Structures are given as C-alpha cells and as structure tokens.
Amino acid sequence: MSVIDKDRPSPEWIAAMRAKFVTEREIDRSMTNKLQRRASPPYTPLTLEQIVDGLRKLVAAHVPGAFNVKEARWLSGGASKLQVAFTLDWIRPDGSPEQARMVLRLEPAESLHETSRLREFQVVKALQGAMPMPAVYWVDAEAKYLPYPGLVYGFASGVAKPSNAPSNVSGLGTRMPPELRRTLGPQFVRDMVKLHTFDFRGADLSAFDIPQPGKQNAEWAVGWWDRVWEEDSDEQVPLVSLASAWLRKNAPAVEHLSIVHGDFRVGNFLFDEKTEQITAWLDWELSRIGDRHQDLAWSTSRAFGSFAEDGKTFLVSGLVPEEAFFESYEKLSGLKVDMKSLRYYQVFNAYSMVAMTLATSYRVAKNGKSHQDVLLTWLLGVGYMVMDDLRALIEKEL
Amino acid sequence: MQLRPEIQIQSMIKAMMEVVLPAVDPSNELAVQQAQLVVGHLSIFAQRLPLQYRYDRDALDRLIALAADLKAAGAGGDSSLEQAAGIGAKVLERAKADPAELVQAARALTAAMDTSIRKVFAEGDEATQSRVEKVTLAMGREQLLRDRAWLIMQGWEPDPASVPAIDTLLAPTPAQG
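If you're matching them up, the sequences are chains B and A in order. Quick note: the first sequence uses the numbering used here, first residue 1, plus one each step. Quick note: the second sequence uses the numbering used here, first residue 1, plus one each step.
It is worth saying that the hints were derived from the structure and are not from the lab. Please note that the accuracy of each hint is not assured.
Said to hold, decoys possible - Under the rule of at most 25 angstroms between Cα atoms (straight-line distance), these lysine to any residue pairs were calculated in the SDA-like manner:
{"#": "1", "chain 1": "B", "residue 1": "LYS340", "chain 2": "A", "residue 2": "ALA138"}
{"#": "2", "chain 1": "B", "residue 1": "LYS20", "chain 2": "A", "residue 2": "VAL163"}
{"#": "3", "chain 1": "B", "residue 1": "LYS249", "chain 2": "A", "residue 2": "THR110"}
{"#": "4", "chain 1": "B", "residue 1": "LYS396", "chain 2": "A", "residue 2": "THR173"}
{"#": "5", "chain 1": "B", "residue 1": "LYS194", "chain 2": "B", "residue 2": "LYS312"}
{"#": "6", "chain 1": "B", "residue 1": "LYS161", "chain 2": "B", "residue 2": "GLU142"}
{"#": "7", "chain 1": "B", "residue 1": "LYS340", "chain 2": "A", "residue 2": "SER130"}
{"#": "8", "chain 1": "A", "residue 1": "LYS119", "chain 2": "B", "residue 2": "GLU219"}
{"#": "9", "chain 1": "B", "residue 1": "LYS20", "chain 2": "A", "residue 2": "ALA138"}
{"#": "10", "chain 1": "B", "residue 1": "LYS194", "chain 2": "B", "residue 2": "ALA303"}
{"#": "11", "chain 1": "B", "residue 1": "LYS194", "chain 2": "B", "residue 2": "LEU335"}
{"#": "12", "chain 1": "B", "residue 1": "LYS70", "chain 2": "A", "residue 2": "VAL19"}
{"#": "13", "chain 1": "B", "residue 1": "LYS215", "chain 2": "B", "residue 2": "PRO252"}
{"#": "14", "chain 1": "B", "residue 1": "LYS144", "chain 2": "B", "residue 2": "GLY158"}
{"#": "15", "chain 1": "B", "residue 1": "LYS70", "chain 2": "B", "residue 2": "ALA280"}
{"#": "16", "chain 1": "B", "residue 1": "LYS312", "chain 2": "A", "residue 2": "VAL163"}
{"#": "17", "chain 1": "B", "residue 1": "LYS249", "chain 2": "A", "residue 2": "ALA105"}
{"#": "18", "chain 1": "B", "residue 1": "LYS396", "chain 2": "A", "residue 2": "ALA105"}
{"#": "19", "chain 1": "B", "residue 1": "LYS396", "chain 2": "B", "residue 2": "GLN236"}
{"#": "20", "chain 1": "B", "residue 1": "LYS70", "chain 2": "B", "residue 2": "ALA100"}
{"#": "21", "chain 1": "A", "residue 1": "LYS119", "chain 2": "A", "residue 2": "ASP98"}
{"#": "22", "chain 1": "A", "residue 1": "LYS119", "chain 2": "B", "residue 2": "PHE200"}
{"#": "23", "chain 1": "B", "residue 1": "LYS274", "chain 2": "B", "residue 2": "GLY158"}
To be verified - The following label-pair restraints were derived from C-beta to C-beta distances:
{"#": "24", "chain 1": "A", "residue 1": "ALA112", "chain 2": "B", "residue 2": "ALA16", "range": "41 to 47 angstroms"}
{"#": "25", "chain 1": "B", "residue 1": "ALA100", "chain 2": "A", "residue 2": "THR168", "range": "56 to 62 angstroms"}
{"#": "26", "chain 1": "B", "residue 1": "ASN68", "chain 2": "A", "residue 2": "ALA111", "range": "23 to 29 angstroms"}
{"#": "27", "chain 1": "A", "residue 1": "THR115", "chain 2": "B", "residue 2": "GLY214", "range": "50 to 56 angstroms"}
{"#": "28", "chain 1": "A", "residue 1": "ALA31", "chain 2": "B", "residue 2": "ARG8", "range": "52 to 58 angstroms"}
{"#": "29", "chain 1": "B", "residue 1": "GLN50", "chain 2": "A", "residue 2": "GLY155", "range": "31 to 37 angstroms"}
Stated by the list, open to error - Here are a few chain B residues that face chain A, going by a calculated C-beta distance under 7 angstroms:
{"#": "30", "residue": "ALA85"}
{"#": "31", "residue": "THR87"}
{"#": "32", "residue": "ARG302"}
{"#": "33", "residue": "LEU393"}
{"#": "34", "residue": "GLU395"}
None of these values were measured; they are calculated from a predicted model. C-beta: ideal position from N, C-alpha, C; glycine also.
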C-alpha cells in the first residue's frame with residue numbers, strides 16, 4: 001500500500017485531490033495553493049517592521065497622495081489569522097484628511113481555515129450598510145505587497161465578550177449576564193435575518209460561485225470539508241467516513257439562497273459595553289452562498305452556547321433561548337426554519353469542525369506553519385467532543 | 001487520539017521561544033532564567049519521551065541480571081531480593097511491545113477498518129450499509145467517551161459531570177500470569 005506524504009504532497013496527489021472533490025473555484029484555488037506551499041519552510045515570526053513595510057506598499061498601490069502608517073501594534077486575533085492595528089494618516093478619496101485607525105488581517109503560512117482573502121474582502125464590502133460591519137479598504141489576495149495574503153479593515157470598536165466574563169479560547173464558552181442577553185439577543189437574531197435576506201445578486205461577489213437552487217450548495221459544502229479532511233488528517237477515522245457518506249446521501253435542497261457567514265456566533269461580533277449595541281460582525285472567511293440552515297445550525301451548536309441560570313434553558317450562543325430564537329428568526333425573516341434541514345446542517349457543521357480541529361489544527365501545528373501553533377494544538381482537544389456530537393446527531397437520524 | 005505529548009511539547013517550545021521569551025523583561029533575571037529552564041525541560045521531554053519506556057525496560061532487564069550476579073557472588077541470602085527479582089522478571093516478560101508499536105498497530109487496524117467501511121458506503125447495498133453504520137456508531141461511542149474523558153480538564157464539556165473518570169473507563173492492565 002502506498003503511503004501519501006501529506007507534508008510533501010506530489011503534484012499528482014494535488015491534482016487527484018482537485019479532481020476528487022468538487023467545490024467552488026476560489027476555495028479550490030486557496031486549497032491548492034495551501035498544498036503547493038506545504039513543503040515550504042515553517043512560519044517564522046514576522047516583525048512589525050516587515051509587516052508595516054508591506055503595508056506601505058499595499059497602501060501606496062491604492063492611495064495616490066502622501067500617507068503615513070504609524071502606531072502599529074499586534075492584536076491577539078483569533079485562532080487563524082495575524083492581526084496588526086495601526087493608524088493611517090492619509091487623504092481620503094473625497095479629499096478630506098483623516099487619521100484612521102485600521103487593522104491589517106494577514107494569513108500565516110497555513111492556518112486553521114485555508115480561505116480566500118478576496119472572498120472575505122468582497123463579502124464585507126457587499127454587506128456595508130446592511131448590518132453592523134467593519135469598514136474594509138484594500139486587499140492583497142496574492143501577497144503582491146504583503147508577506148502573505150491579507151486585507152485592511154477599518155478598526156471596529158467594541159468588545160467580543162464582557163470585560164469580566166470568563167470564556168475558553170476563541171470566545172467559546174462565553175457566559176453573558178442576563179441583562180446583556182436582553183439587549184444583545186434580539187440584535188443577534190436581527191443581524192442573522194438581515195444577512196440571510198440580503199439580496200446578494202447585485203453585489204460584486206465574483207470570488208463566490210452561486211449554486212443552483214436544489215442540492216448543489218450542499219454538495220459543494222461537503223466537497224469542501226471532505227477535501228480538508230483528506231488533505232490534512234493524520235489518521236483514518238471510520239466515523240468521519242460514515243459522516244461524509246451520510247451527508248452526501250441526505251443532502252437537502254434549498255430554494256432560497258443566502259449569504260451564509262459560516263461562523264455566526266458569540267465571539268465573532270463586537271459590541272459597545274456602554275450602549276450594548278453590536279458594532280461589527282467579524283470573521284467572514286468561511287462565508288459562502290448557500291443554505292441559511294448552515295448558520296442557524298452553527299449558532300445553535302452546543303459548543304457555542306451555554307445554559308441559563310436555571311441550568312436547563314439552552315441559550316443559543318449564550319444569548320437567546322433556543323425556541324425563542326427560531327420563533328423570532330422566522331417572524332422577522334419570513335423564512336421557514338426547516339427542522340430536517342437544520343438537523344442536516346448540525347451534522348454538516350459538526351463534520352466541518354471535526355475536520356478543522358482534528359485534521360487541520362494537527363497538520364498546521366505539526367509543520368509549524370502558524371503563529372498560533374500552541375493554540376491550534378489546544379483546539380485539537382475539542383475535536384473529540386464535537387465528533388461525539390456528530391455521532392449522536394447521526395445516530396438520532398438513523 | 002491526535003492530542004499527544006509529541007505535538008503538545010513541540011508547540012509549547014515554539015510558543016516559548018518565539019513569543020514568550022522575547023517578551024520577558026530582560027531585567028527580570030529570575031523570569032528569564034525560569035523561562036529558559038522551561039524550554040530546557042520541554043526539550044528533554046521532546047527527545048526522551050519516545051525512549052522512556054525502552055529506558056525503563058532496559059533498566060529493569062539489567063537489574064534482574066544484576067540480581068542474579070549478586071546472588072552468584074554470594075550476596076543473595078536475602079529472600080526479598082530473590083522475590084523482587086522474580087516479580088521484576090514477570091513484569092519484564094509482559095513488557096514486550098513498545099508504546100509506539102501499540103499506537104501504530106491501533107492506527108493500522110483503524111485504517112483498515114475505515115477502508116472497508118468506505119468501500120461499503122461506496123458500493124454496498126442498503127442493508128449492509130445500515131448494519132455497518134450501526135457497528136461504526138457503536139464503536140465511535142465507546143472510543144469517543146474515552147477521548148472526552150481523557151481531555152476533560154481542557155474545559156470543553158458543557159456538562160463535565162456526565163463524563164465518567166478516565167480511570168473507570170480504561171481496561172485494567174492485565175494481571176501477571
């Protein structure tokens with residue numbers, strides 16, 4: 001039996017992966033780039049000077065006049081990307097001078113989500129004004145100026161969790177106090193509704209493929225995560241093969257296509273602690289055009305929620321009781337929550353999380369490809385709870 | 001189980017070297033020294049952990065031989081030495097496979113099972129698929145319970161009390177024959 005060296009993939013194996021798993025073109029491009037770069041050296045820490053140097057080149061390519069990049073500093077960021085905050089002293093396109101606080105979001109050599117900065121840029125731009133979004137300025141999708149692909153956001157103010165709330169990494173397990181739940185909960189539902197009812201067809205989303213209504217969206221989605229598992233995993237797991245087969249066999253059709261965030265949960269929005277208003281939705285890298293039930297299922301995952309003080313009421317993303325969440329979503333959106341589709345995407349989401357945590361986290365950390373290897377190693381541990389969730393969900397459906 | 005000491009230690013060393021140590025105040029000599037010692041200890045783990053079992057088995061093997069030599073040299077009058085050597089020999093007899101071999105054998109068996117299962121899902125009839133689904137899910141339930149119990153201290157479980165303690169789930173080490 002031939003053994004594939006996934007740390008040094010051959011061009012033939014890369015071609016085989018591309019042929020075997022059908023997914024969107026830009027996702028295929030990102031994943032193929034990842035494999036082609038995989039045998040290259042590990043990530044070595046970038047200095048702020050290196051990053052600012054690339055940033056100046058990127059800004060110069062877009063800003064005709066003089067400008068100054070100053071006050072650059074590291075942000076902790078999430079589990080996936082490097083983030084640097086800075087101030088840009090520049091003349092805006094409308095001719096007005098401005099000292100704007102901005103954030104550069106940059107890929108490491110490999111990351112937890114191998115995604116496209118171009119897609120992220122396009123979707124954030126498309127949704128400006130539709131829901132609380134950070135401003136977005138420029139993208140360097142091919143690392144023409146920056147050390148790795150990246151994009152420049154406006155700095156969004158706010159916090160991802162109450163200053164005094166405990167949580168695990170990446171905002172998981174955040175406990176929101178009841179008074180904050182009362183104000184943030186309705187906004188959480190409102191923003192999901194705005195996203196899922198947004199008319200994306202007039203927006204520039206050229207890096208997204210629009211599936212045909214029906215099952216194509218689900219087939220692309222499963223193809224994406226099948227490919228992640230195949231390319232990144234270190235060991236075969238029968239339950240994962242079972243889940244993949246189940247997802248292909250049970251794919252639901254969708255008629256109303258929506259922009260799907262892909263990681264819509266507590267920890268991925270900022271809010272102002274004084275006004276208790278959501279100021280920006282972040283982390284759009286997993287977004288796609290697909291079935292709203294993917295977000296609905298993600299938000300209602302046990303991994304991202306918590307129980308109310310009574311110990312019985314499950315709070316979606318730690319904010320809204322589950323029943324009230326679905327009821328409010330249907331009422332505001334006019335879109336039905338189909339329980340069969342919801343259960344399908346619960347399985348799908350658990351499957352994608354298993355691939356992220358047990359396959360990608362492992363592969364990236366093993367090859368020393370990110371600035372957060374120690375965090376990715378830590379995240380490996382959640383994979384078993386998620387896989388058990390996956391098992392239980394499928395078992396219920398049989 | 002992918003979360004094993006090898007990758008944990010490697011990522012801890014990297015975090016210490018590339019992020020933590022450069023950020024330690026150089027005027028705090030105690031902190032600098034202790035951070036370096038942490039890296040030193042981790043480096044020892046990384047290099048020696050794969051050999052630890054062989055190291056201990058080798059030591060026991062030589063100690064048993066030494067006990068025999070001692071007895072032959074006239075120092076074996078104490079029955080407790082003979083008894084301890086006997087116990088040691090029995091333990092050594094059972095300690096044949098390296099931990100790495102155990103892990104590799106389990107991985108190879110799982111991979112073979114997975115290949116069979118994939119074939120059934122690709123080509124098998126409905127009835128076979130249904131039976132294989134049930135067996136696979138049952139197998140997953142047992143293993144994942146252990147995986148979750150193993151990592152309980154990470155704090156991911158929403159209801160940790162529902163997960164049994166790992167030592168109650170693992171089969172006991174076979175008693176000596």
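Of the numbered hints stated earlier in the document, which are not met by this structure?
Checked against the structure, the hints that fail are numbers 2, 4, 5, 6, 9, 14, 17, 18, 21, 22, 24, 26, 27, 28, 30, 31 and 33, while the rest are satisfied.
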